[in-house]
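Following the hints, position chains B, C and D against chain A.
So the sequence lines, in the order shown, correspond to chains A, B, C and D.
Quick note: the first sequence, position 252, residue 252 per our numbering, numbers continuous.
Quick note: the second sequence, position 181, residue 181 per our numbering, numbers continuous.
Quick note: the third sequence, position 155, residue 155 per our numbering, numbers continuous.
Quick note: the fourth sequence, position 213, residue 213 per our numbering, numbers continuous.
Worth flagging that the hints you see were computed from the coordinates, not collected in a lab.
Keep in mind it's a predicted model, so treat the numbers as computed, not measured.
Take these hints with a grain of salt, some might be off.
Chain copies aren't distinguished; within one or between two, either way the pair holds.
Stated by the list, open to error - Straight-line C-alpha distance at most 30 Å; calculated DSSO-like pairs for lysine-lysine:
| hint | residue 1 | residue 2 |
| --- | --- | --- |
| 1 | 2 | 142 |
| 2 | 31 | 42 |
| 3 | 66 | 92 |
| 4 | 281 | 172 |
| 5 | 250 | 227 |
| 6 | 139 | 2 |
| 7 | 142 | 257 |
| 8 | 269 | 225 |
| 9 | 42 | 269 |
| 10 | 172 | 227 |
| 11 | 31 | 269 |
| 12 | 165 | 257 |
| 13 | 257 | 116 |
| 14 | 116 | 265 |
| 15 | 37 | 116 |
| 16 | 92 | 37 |
| 17 | 41 | 281 |
| 18 | 127 | 142 |
| 19 | 229 | 172 |
| 20 | 263 | 172 |
| 21 | 127 | 2 |
| 22 | 250 | 229 |
| 23 | 281 | 229 |
| 24 | 165 | 139 |
| 25 | 172 | 252 |
| 26 | 227 | 66 |
| 27 | 4 | 113 |
| 28 | 269 | 41 |
| 29 | 139 | 87 |
Number of protein chains: 4
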Amino acid sequence: MKIKIGILGATGYTGAELLRLLVGHPHAEIKWLTSEKFANKKISEVFPTLRNFIDLECKSIREINKFKNVDVVFSCLPHGSSMHFAKLFLDKGTKFIDFSADFRFTNLSLYNKLYKLNHINPELNKKSAYGLPELFRKKIKKSELISNPGCYATAAILGLAPLIKNNLIDAKFINIDAKAGLSGGGRAPVSERQFSEANDTISINSISNHNQKPEIEEQLSILYKAKSKLVFSTYNINIDRGILTTITAKLKNSISKSELLAKYKNFYKNENFIRLIDDEKNISTKNVRFTNYCDIGVNIQNRHIVCVTALDNLGKGASGQAVQNMNIIFNLEESDGLQNTGLYP
Amino acid sequence: MKIKIGILGATGYTGAELLRLLVGHPHAEIKWLTSEKFANKKISEVFPTLRNFIDLECKSIREINKFKNVDVVFSCLPHGSSMHFAKLFLDKGTKFIDFSADFRFTNLSLYNKLYKLNHINPELNKKSAYGLPELFRKKIKKSELISNPGCYATAAILGLAPLIKNNLIDAKFINIDAKAGLSGGGRAPVSERQFSEANDTISINSISNHNQKPEIEEQLSILYKAKSKLVFSTYNINIDRGILTTITAKLKNSISKSELLAKYKNFYKNENFIRLIDDEKNISTKNVRFTNYCDIGVNIQNRHIVCVTALDNLGKGASGQAVQNMNIIFNLEESDGLQNTGLYP
Amino acid sequence: MKIKIGILGATGYTGAELLRLLVGHPHAEIKWLTSEKFANKKISEVFPTLRNFIDLECKSIREINKFKNVDVVFSCLPHGSSMHFAKLFLDKGTKFIDFSADFRFTNLSLYNKLYKLNHINPELNKKSAYGLPELFRKKIKKSELISNPGCYATAAILGLAPLIKNNLIDAKFINIDAKAGLSGGGRAPVSERQFSEANDTISINSISNHNQKPEIEEQLSILYKAKSKLVFSTYNINIDRGILTTITAKLKNSISKSELLAKYKNFYKNENFIRLIDDEKNISTKNVRFTNYCDIGVNIQNRHIVCVTALDNLGKGASGQAVQNMNIIFNLEESDGLQNTGLYP
Amino acid sequence: MKIKIGILGATGYTGAELLRLLVGHPHAEIKWLTSEKFANKKISEVFPTLRNFIDLECKSIREINKFKNVDVVFSCLPHGSSMHFAKLFLDKGTKFIDFSADFRFTNLSLYNKLYKLNHINPELNKKSAYGLPELFRKKIKKSELISNPGCYATAAILGLAPLIKNNLIDAKFINIDAKAGLSGGGRAPVSERQFSEANDTISINSISNHNQKPEIEEQLSILYKAKSKLVFSTYNINIDRGILTTITAKLKNSISKSELLAKYKNFYKNENFIRLIDDEKNISTKNVRFTNYCDIGVNIQNRHIVCVTALDNLGKGASGQAVQNMNIIFNLEESDGLQNTGLYP
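In isolation and in its complexed conformation, chain A is listed as follows (with noise of 0.2 Å):
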C-alpha cells in the first residue's frame, strides 16, 4: 500500500528532509508539491541531491485546486499560512500534518500574542493533536489534523515527561538551555546566518522571550496540569543540525543518578525513538544528525537534576517526527521510513 502525499511549502529546509525521508520511506507515494519560489522548476533542481529520485515539478499554491486527491498534506509553510488552508483539504477526508504554530496551542489569545496573528478557524484549532506521539499517540491516532511541534518544544518535553510525571521536581524554576545547529533558522539567506558571520562562534539566539517557551508550558499543563516557570535560552551554533537542550530543576527528594536513569528508562521502555544514555558523555547531536531518535542522559549536582537531550531540529525536531506522526495515523509501522542509523563520523 502506497499514502499518496502532497507537501505545501517544499522547498525550506524541513521540506527538503520530509523529501529526503519520504522518498526513501516503503508506503509514502509524493504527488505533488509547492513552492512558490521555485514554481514550474523540478524539485531535482532545487535540490541536486534528490536527482534520480524524485522528479516532480513545484506547484505553485495558486492551483490548489487543480491538485489530485491525497491522502495526507504535510504543510511546511510558515506560521499564519497553513491555517488558511488545513480546512481544505480536511474537508475532503484528506489528513493534514501541520508544521508551523498554527494548531499547537489551546489558549489561542497565547497563540495571537505570540505570534502576533489572528487566529481565524477556533473551531479546527479544537480538533488538533499535538504531534508528539510519545506523549500523544493515542490522540494522534484519532485525528486527521496533527500540529507538528516545535523543535526546541519537542526537546525540552521529552526530557521534562518523566521528572514531572513522577513528581520528582520542583517545576517553578525550570532551567532549560538550548544550543542549537543553524538550519533552525531557515533556508532564506539572512546576514546572521551567512558562513562568515556563522563559522566558528557560538552565539545568543534568545535569552528572553523565545516563542517556544509558552508551547512547553502550555503541554506540560495539558499533560500533568504542571504549574510550571521556565527560563529558556537559545544559541546559534555553528552546526548544520541539532539541539542540544540541557534542563535543571530543583529535586523534590534524594534520588541517585541510576534511581533517575531507571525512571527515564521505565517511562520510555516502549519507545524506539529514545535512547537513555548512561554515560551522558556520549550524547551528541552528531550522534542523531539525520535520524528521528532522542537520546537522553542525566546526572546530579547539588540536589538538581541535570538532564539533556539531543536531536535534530530537522529529524526528530520536524520532519522525522512528522513521518511518525502519518506512520501513527494511517496504522503503518511506526519506525517504517526512519529507521537508519546515525551518520558517523
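Same frame as chain A, but now just chains B, C and D:
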C-alpha cells in the same frame, strides 16, 4: 537470502561506514568482526550511532581460527596486513574484499617500493580483481578476491576513463588536484588532525609522491595501454568527508563542452552511481557525502579539459564501493543497500 | 624598559598564545622557554606562525639551573608540576605567574581532592594572589606569585561578581552553563578532539563535577563571604576558541533589565577589558576571540536574571589575563600588548 | 605624523579588515567613512569588534562634497563605481587606493568585456599603478592612483613571477588551482554562502572563465612580455579566510627542488612579506590568516613544478596589501601596522 559476513579491522572509519551500510542492507548479515584495540567491547559502545542496530562484540584476530564460516570477508586492515589473511579465507571458499593496497598492483616491485613492504603472495595477487565496477565489472563478477581501489584513484580514474578511452587528451601531462576531507586520514589521533589544528584551514597533504599516483597510472595502462604521466597533488580540507578532484589535460582536438558531456554520458550510460552534472556549479562534496555516487562535470579552458569529480572518500571511495563489489559477486542488485539520496542541508 | 621573561612549558596552546602576545608587547623580552617534547627545536619550527618573530630554541626543564635570570617566569606546566618550580624562582626575586591550579585554592585539602595530588608547599600557597585583576588588582600588585584563574572560573566570576556584591540574587542555586571551544582541551592529540569526531557537533564535557566549580565557589566566598551553590555544566563546541557562559539565578527583588545593566556598568566602570553589551544579540565568541575582552549582557525571565559572558579561553581565560597580570606587577599600562580589536570576519 | 584617511564603502569585508588594520596602525587617522546601507549608523555598531576603538558615523557618499580633505582615500566600492570618484579626490591632491578592478587593466576593452562596463576615464587609467609592491614598488612609490590587485591574481603572480623572470617554465600551459575561503564572496547575504549550504563542503566557484585569469595574463605580459596561457579554476571552501593556490607548469630544464627554492629565495630576498617554506607541509591558510604574508613552497613531479602559495584574501589579497601600498606612497616603513604574527590555534 542473507549473505553471511565477517569484517577484519572493523573499528576504523572505513569499518564504521561499512557497518552502517551493511546494517541497512536487505541481504547482509554480519556474523563477526574484529578489532585489536576494542577486543571484547561491543561494537555499539565503540560506535554509539549503531546502538539498537547491531550488538556484536569485537573479537581479536588472534582467535581467527574460531570464527564461523561466512560467505565473504571484508578486510579493513592496514596495508601489509591483509595479505597475511586473505589465503586462509579464500581456501575455505570465502570471498575476500580487501580495502588495503595489498592486491591493487600488478607490478609487485612497484607495490613493494611504494609501501616499503615485501609482498608475501604473488600467486594470490594475480587472481585479484581491481574493484572499480564501472570499469572492471566482468572481472569482478568472476573473482573471489577483490582489491578495493584507493579513494583518490577511484575519483581520478572515473574522471579520466572516458577521456582516454575516446582518445581525447594528451596523456603525457595530466594534472590532478584532489581536495579531501579529514576522515581519509584515518581514526588514530594525530596532531595535525586535531580539531584546533585542522579547523578553518586548507593545507597540503602531498605535492610530491603520493602512493596512489602510480596506482592510477597502472590502471590506466591496464585499461587502455595508456602511458600517462601525472602531476598529482592532494590537500586536507576541514570537512568530514569527500574528495573533489580536478583533472586538467590538453585536448587533442577541438570539442565543445556539450560534446564532451555527451561523451561522458554515453560512456557511463548504464551506470547507476555516476551522475553527469550539466552545470558544474552544482558539484560539491556535500551533494555526495554518505552516498555511493560519483558526480562528474566538465568544462573547457584554452583547449584544455577541466573535469571535476566528487565522491565520498568513505562511500564510493571505500566502503560503498566495497558493498557494490559484494553485490556484484553475489548476483544481487548492484544498488542494494546503496540507494539513498544525498544529505541536505 | 624591557621585562625579561622565561616561560616553562611553552609549546602547548596557552604557550603559543602567550608567545604571540609577548612578541607584540612593547616591553617584553623573552629570554628562554622550555618544552620537553620539543627540546632543542626552534620555537618557530614548532609554531610556524612565529617565523620571523622569535627564533629561540626550546630548552629542557632539566637544564633549569643554567637558565639566565629573568624578571618573571610564566609557567604553563600542567597541574601538579608548577608547584615544584615556583620556589626556585621566587627565591631569586623572580616573579612567578602560574597557569595551573596549583596555587588557586586557599583550601588545600579541596585542591588535593580535586586534582588527586598532595600540595607540597602550603606556605608558598598562602602568598599567592588569585590573578583576576578586575577583582583582586590590589593584591596582585603587591604579590610575587600570581595564580592565573581557570578559564571557566574567569567567565563565571566576572558575570557573578556584580550580582553578589550588590546582593541581587539568591546564591543558593546558581545555574551556570558554559559552552567552550576545543582549544581548551589542550594540544595533546586525543580521539574525541580529532577533527572528524569533533566537527559539526555539540557534546557534553561535564554535567557533574567539574574541577572549576569549587574554584568559583571558593572565590565568591573569599570576595563576598557568599555561600553559593552552583550547578555547573560544560560543553564542547566545534570552534577553535571561546567560552560563552550563561548564568541564571533568582533575583531577590524586582529589577528592570536597564537597571541591571546599569549595576554592571557601574561595577566595571573603570575596567578596560569588560564591555557591557546593551543588545545581548551582539554577544558572541567570535567578537572576543584573540582578545583580552570579556563581553557581558543580561536579561530577565520569570524573575530570574540571565547573564551571558563571552571571552576567549586562551585570551582573557588564560594567556591574555596572564599578560595583564604581568603588566600590573611591573607597573606598566595594564593594556600594554593587549589593546587590539577583535577579528572579523 | 598621522596620515589622514577617508574610506569609501567601509562596511563590507574588505572595509572591516581595512579598519582593523588602520585602527592599529601607528600613523593612520581615519577621518571619515561611507556606507550606503549603514549611513548614519556608528561603525562600532556595524562591526562590534571595533567597539572602544573607533566611533565614527557612516556617511552617505551623496554627501561627498562635505567630506574633509584627507591625504588618502581607500575605495572599497564595487567594480564600476570607483572610477566615478577617483578623479574628484586626485584633483585635490588626495591619493586614491582602489580595491576594485576599475584601474587594473591596461587593455580597457578587455576590462569592458570582462566586467560588462564602459570605462569612463581612460586617461586616468593610464596613470594608475598596479599595487603589487613586490613587483611594482618603484612605480607605486611615484603614483597617486593605486589599483589594488585581485586576491587570486596576487596569489598567482607572486608564485609565477620567479619562474617566468628566470625563464624556468613553458608558459603556454600553466595550470592554476585556487581554493578560497568564503569571505572572498563578499558580505551581501546569498543562498550559496548561507552557513547550512556552505558548511562542511567543497564546491566549484569557477572552472571556466574567471575574471582574474586575464588580469594575471596581462600582468605577466607587462612584467616579462610573457605570453602565458592559463587554465584557472577556483573553489569555495568552508573557511572564513584564505587562498591556497597551486601552480603547475612544465619545467624547461631539469632542476632540483633545492635549486628551485633557492631561485625563489633570491628573487624575494628583500621582501618582508614573502616567506619561502622549505617543507611545503607547513603551508596552510591558517598560518597566514589575518596577516599580510604570502607563504610559498615548491616541489617537482614528472619534470613539472608544483608551486603552492598561501595568503589571506582579505590580508595580502586585499586590505593588508592596500595598507602596504599606503605605507609605500607615504614613505613609511612598509611593514607599519602589518607586522603581526599569524594566529594559532
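Quick rundown of the hints versus the structure:
1. 2 with 142: within (20 Å within a copy, 39 Å between copies)
2. 31 with 42: within (13 Å within a copy, 43 Å between copies)
3. 66 with 92: within (14 Å within a copy, 63 Å between copies)
4. 281 with 172: both (28 Å within a copy, 27 Å between copies)
5. 250 with 227: Classified as both: same-chain Cα gap 15 Å, cross-chain 18 Å, threshold 30 Å.
6. 139 with 2: within (23 Å within a copy, 40 Å between copies)
7. 142 with 257: Cα proximity of residue 142 and residue 257: none, with 37 Å in one copy and 46 Å across.
8. 269 with 225: Intra 23 Å, inter 47 Å, cutoff 30 Å: intra-copy only.
9. 42 with 269: between (43 Å within a copy, 22 Å between copies)
10. 172 with 227: both (7 Å within a copy, 22 Å between copies)
11. 31 with 269: Cα proximity of residue 31 and residue 269: across copies only (28 Å, versus 36 Å in one copy).
12. 165 with 257: Intra 18 Å, inter 35 Å, cutoff 30 Å: intra-copy only.
13. 257 with 116: between (43 Å within a copy, 24 Å between copies)
14. 116 with 265: Neither. Shortest intra-copy (40 Å) and inter-copy (34 Å) distances fail the 30 Å Cα cut-off.
15. 37 with 116: For residue 37 and residue 116, the Cα distance is within 30 Å both inside one copy (24 Å) and across copies (28 Å).
16. 92 with 37: For residue 92 and residue 37, the Cα distance is within 30 Å only inside one copy (27 Å; across copies 49 Å).
17. 41 with 281: Classified as between; 17 Å across copies, 45 Å inside a copy.
18. 127 with 142: Intra 10 Å, inter 62 Å, cutoff 30 Å: intra-copy only.
19. 229 with 172: Both, since 5 Å and 18 Å are each at most 30 Å.
20. 263 with 172: Classified as both: same-chain Cα gap 21 Å, cross-chain 27 Å, threshold 30 Å.
21. 127 with 2: within (26 Å within a copy, 47 Å between copies)
22. 250 with 229: both (12 Å within a copy, 12 Å between copies)
23. 281 with 229: Classified as both: same-chain Cα gap 28 Å, cross-chain 23 Å, threshold 30 Å.
24. 165 with 139: Answer is within; shortest intra-copy Cα gap is 18 Å, inter-copy 52 Å.
25. 172 with 252: The answer is both: 12 Å in one copy and 15 Å across copies each meet 30 Å.
26. 227 with 66: Neither: 47 Å inside a copy, 61 Å across copies.
27. 4 with 113: neither (36 Å within a copy, 52 Å between copies)
28. 269 with 41: between (45 Å within a copy, 25 Å between copies)
29. 139 with 87: Within one copy only: 19 Å inside, 60 Å across.
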